[in-house]
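Enquirer: Here is what each chain is made of, one letter per residue.
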Amino acid sequence: MMRPGAMRAFMVKEIRHILRDRQTLTILLLLPLAMVVLFGYALRSDVKDVRIAFVDPMPDDATGAIRNRFAGSARFQVVDVVPTVAAVEPLFRRGAADVALVFEPDLAGRLSRGSPAQLLLIGDVSDPNTGTTIQAYASAILADYQRDLSTARSGMRIEMRTRMRYNPTLESVNLFVPGLIALVLTLVSALMTAISLSKEKERGTLEVLLVSPLRPWQIILGKVLPYLLLAFVNVVTALLAAWAVFQVPFRGSLALLLVASMLYSMVSLALGVLVAAITTSQRAAMIGAMAGTMLPNELLSGMIFPIASLPDWLQWVTIVIPARWYIVISRGIMLKGAGIEHLWSEMLVLVAMLAGFLLLAVRSFSSRLD
Amino acid sequence: MGSPSTAPSSVDSPLIVDGLGKRFGDVQALDDVSIEVQPAELFGLVGPDGGGKTTLFRILTTLLIPDSGSATVLGLDVVRDMWEIRARVGYMPGQFSLYPDLSVEENLGFFASVFGTSIEEGRSIIAPIYEQIEPFRDRRAGALSGGMKQKLALSCALVHRPDILFLDEPTTGVDAVSRREFWDLLHSLKESGLTIVVSTPYMDEADRCDRVALMQHGRILATDRPAAIGALFPHPLFGVRGHDRVALIRTLREAPHSASVFPFGGELHYSDTRTDMDPSQIASEVRQLLHAKGMEDAEVRSIEPGIEDTFMSLMGTASSTVPA
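Top line first, the protein sequences correspond to chains A and B. Residue 168 in the numbering used here sits at position 168 of the first sequence, and the numbers go up by one each step. Residue 178 in the numbering used here sits at position 178 of the second sequence, and the numbers go up by one each step.
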């Protein structure tokens, strides 16, 4: 009853929709580029002129030597030396200091007696990446000092503990690119399909399509395949941008990454169809796709916040987030050069998700109106 | 629910509806609806918005499942034979369901392909309609006028040569000239043997159907030829004119034998309970009454009741529907 021409016509029609909405198309094509560049620069790890304050309750040779080393570093700029931790607080609040290094009283005495000495680094960092970097610089300076001490008098050590005033995470542009690709793919696949399908609902064209020999799966397939093509273009653009602008390493198989990306796109497409099937307006579909796919994929995938830093129950939730698995795969391929032998289990999870969401989508996409 | 069918069922009838009921929450959208449509008949469903016309169309086009009753389209059951029906009906929903970003030709070509055919294969049936919009074939559907959109939507619903056509309020939002042209087209389609079921909220369009069913609150109030429906009006009817409509309405309502009074276009329609009296005598009595009450310019003439008059009387309310 159904000729292959119908599917082709459906896809041609869908491609026309995509090509004729110039503004949306431009945004979709430039988005991966813009995101990689913006996120990449925003997350750059070079930090200069960190304003540091010292809490030195009992100044002596040791604290003086350490302070001098910080003052001599190009990375740091000493803004104040205060006697108590409480006195640093106003500096932070005014924004006059980025970090404070707290000395233990009688540091020189402890060091000479060979008992462990503790230093505390307090950071006022709203950007976790900056905090991590500052911490690394401070550690390096202290490690230098310690090494010099150790050669003079053995068995003495300083322990540094760090306390961030905001939840710190460890990310860099390299770790970010795979997450960005996931985000772009979610946007193109889930959000755009959901919008496009719910548009048909709103316009009433779906009503006509339903009263035709087309089966639901044919409508869905005709709808999503063109977006898969667009997703493919986006993956390639994002990779090119990452490589050209930030020299993000690419160690593994490109083919495998593309396969994984398309797999992930299909999962997102199925989710988009599902969202459109259960909502009744374009607006609801858009919000549904944002809340149901974009946000979790961004926040619970390990893209920005490491999964290990989430509360236990949220860690369980991440299991159903497709981007979580895709990011493991893409990071593995890009950064570690991992092959299918290491990533097959994550790939299988995505395949299972695809099957599950697709089934749900086809089932909730009724061949009738109610 | 489900009283016995009023229409005798014939095997050849392309549409048989028997005791259909459908409820949405608290709203009884369809209540024991029965109709039977003959081959090559132009059948109208007439009634105000919310009367159940769209629900009925959606059940007949297999989009909704009825709660009770049954219906066959081209001898096929609307629930069981969903896919067979879908291949053979043409359907134009309440709004012109076109893709505004696709051109006239692309829209038509797309709907043709969906049904496994092409514009060329369907050309002979759509020719009289499509020829009117073909000069604009490269124009985007979104940039067409209401009348042209309507013709394009009809072409799209016809291109696969359906055996029965369902048109849900095809003339809503279209100018008067385009509406007239559209009905002419429906007549020529009917002449070619196509069965057409069309709904409209406009009473004046009911006259252009072979038979109509008056629908309100999910029920069929009457089904007959338009002229016969007018004859169902139970009382002598009069058209009354005068500049002070408010005073006219008040006086006529209070007249001793008043059955109903409602505005109808530029005049008032007054019906009188004295069915066995000579209408011209009633007219002159009413005229005298109005003149006596100070409305010297009042004119009263005896008129033939139309569908809308019957409809108003069947609805049992004096509120007017949208005048044409």
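Just to be clear, a hint being listed does not mean it is correct.
Unchecked claim - Here are some chain B residues pointing at chain A (derived, C-beta under 8 Å):
1. T62
2. L64
3. Y91
4. L314
As the list claims (entries may be wrong) - Each pair of labels, with its calculated beta carbon distance range:
5. S366/A / P279/B: 43 to 49 Å
6. V12/A / D204/B: 51 to 57 Å
7. A244/A / R139/B: 40 to 46 Å
8. E134/B / S253/A: 35 to 41 Å
9. I287/A / A247/B: 29 to 35 Å
10. I15/A / D49/B: 34 to 40 Å
11. S366/A / M315/B: 33 to 39 Å
12. R137/B / V259/A: 38 to 44 Å
13. V12/A / D26/B: 43 to 49 Å
14. A284/A / R80/B: 29 to 35 Å
Claimed, not checked - Which bits of chain A does chain B cover? Going by a derived footprint, with three or more residues having C-beta under 8 Å, they are:
15. 14-26
16. 72-84
17. 290-300
In case anyone wonders, no lab produced these hints; they're calculated from the structure. Given the structure is predicted, the values throughout are model-derived calculations rather than measurements. Using N, Cα and C, we set each Cβ at its ideal position, and we do this for glycine too.
Enquirer: Any of the earlier hints contradicted here, and which numbers?
Expert: 4, 5, 6, 8, 9, 16, 17
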